[in-house]
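Chemist: Respectively, the protein sequence lines represent chains F and C. Numbered according to this note's numbering, the first sequence spans residues 1493 to 1772. Numbered according to this note's numbering, the second sequence spans residues 8 to 336.
Sample of chain C residues lacking proximity to chain F, with all beta carbon distances greater than 12 Å (derived): (1) GLN17; (2) GLU21; (3) GLU22; (4) ILE177; (5) GLY239; (6) LEU253; (7) ILE291; (8) GLU307; (9) GLY309; (10) SER310; (11) LYS322.
Pairwise CB distance ranges, derived in the manner of DEER restraints: (12) ASP179(C) - LYS1661(F): 28 to 38 Å; (13) GLU176(C) - ASN1725(F): 28 to 38 Å; (14) ASN1593(F) - ALA289(C): 28 to 38 Å.
Just so you know, these hints were derived from the structure itself, not from any lab. By construction, the Cβ of each residue, glycine as well, lies at the ideal position given by its N, Cα and C atoms.
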Amino acid sequence: MEELNEEKLKDLENKANKVRQLIIEMLVEAGSGHSAGPLGMADIFTAFYFHILNHDPKNPSLPSRDRLVLSNGHICPVQYATMALAGYFPIDELKTLRKINSRLQGHPHRSSLPGLETTSGPLGEGLSQAIGIALAGKMDKKDYRVYCLTSDGEHEEGNIWEAVMFAAKNKLNNLIQVIDRNYIQIDGNTEDIMPLDPLKEKYESFNWNAIEVDGNNIKSFIEAIDKAKLVLNKPTIIIARTIPGKGVSFMENDYRWHGKTPNQEEAKKALEELTAYVKS
Amino acid sequence: MLNPDLKLNQNIFEEIVETKATRDGYGEGLLYLGETNPNVIALTGDLSESTRTEGFAKKFPERFFECGVAEQNMAAIAAGLGVSGKIPFISSYATFSPGKNWETIRTTIIYNNSNVKIAGHHAGIMTGPDGATHQATEDIAITRCWPNIKVLVPCDAIEAKKATVKAGEISDPMYLRFSRDKTPIITTEDSSFEIGKIQTFWTNNNPTATIFATGYLLYYALLAAKELEQEGINVLVANASTIKPLDEKTILELAQKTKAIVTVEDHQVTGGLGGAIAEFLARIAPTPMEFVGLNDTFAESGSPKDLIEKYGLGKEAIKTAVKKIISRK
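Go ahead and model the full structure; you've got the sequences and the hints to work with.
Modeler: Structure, rendered in structure tokens:
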């Protein structure tokens, strides 16, 4: 991983902004999908694909690559946009999202697009799949790390807690979970639907290492990942507090933008806001 | 007569026949695979003894994962192992896996094309005293409807071992169905076995109906065939140990030869072997059929013998079905 200096950080922040623009362009073209989650996670995805991951976009099946497993598959527009920007496939292809004959399925399908590690969408299944990949890494004495991105809403699935217990039992320190703690889900705010707090204490009582961080601050997030890598006998969860809809003022923190896309006019407004922002 | 080419157990019609549970054949197959392929992994959900995974667990503890009572987690962990070059076998009762974790398997194993083998144990009403909660009678229906899966139901312990070993050698998601109690040994080590092949186990001159049986009930089909022969009714008995991919060539051939079909399975008549054959023949060569199986009901606690009799899955029910189908020709 290269050094994170001021210049690099600015570059990452500008890239995250570009990812947000691509997300808006994709979603308005697709006409269906999710807006808030992808925008909120743009900083974290940028940090992964442009700084944290050991990977090669031109060789997506590189055996030594770090594995990024997206569990809450509905935020895949952010993954597609970041992967395209990183060079996995042409940026133009983003416009095919959710359309016939596209490699960009509405929810990620491993066999459709090189670079995807799993198939996801139905919630609560990604952490278990990440565990399987982490176990295989340990058995094969490989150094790769498995990063599993989950959502707070999907923590209502029992499967998540089955996986949480298993990962702690097997001391999977090569597994780092990042939860998008944005406090919203389709039907409303998470604490109204099904309270999840105190989340850090929950994980600690399940024998995980837990770190809380501002998920829209790329520098803090990367520092949290660096800390997680030092843990020897436990899996780590990074509880990333993010602002859903981040970067688009009328979408921020409004759960109604969880599962819908902007119309032409809203997209225009969103892109105006995003293009006005350039870190220099 | 028994098909001499298949080198079947010649003592099958004796008063006392050697018996062994198909789950024991699974355990032996798994152990063999463990010894011959370092990528084979076994996982279970707190049922290592009754799913016969115990032997593998003792011999290869570093390749065995106890998941606790958590079948969804077990399936998706296996999916992750399967896309990482491993060959995981997940074992539980079929009502729980692929029952309880059906969607997890659908998404993370089947659609995801991960090389996982799902071993469903305690299949059918022959599970007995545990009652209907533990008798998997819909598992063939809910697995064979998936694209990209193979579905195997071995007829005896020897075939179960062969099926397990073959499963480990083929890089596809697969469902294997096993039963709890000891059942008659029908085949021998020398009998040929091939995934996707339906084999004629019994025939004589000019059979007037074909009985397609799957799993241990094949034994009752053979008993029925022998008694029917004594009554002057000639039938052909075929072992449908692969339900998917369906051996369409053989089914068509036998349907055209005998023009009457009886299917036999310890499973709901809806969606099982009978359904698979009917779906195929309806399109290309409609043939009169009778279905022996669980008839749109749940069974209950009881001994396998009593349950097979009460729910009409045994020799007499098969004979009645044969006579009925011949009368419909």
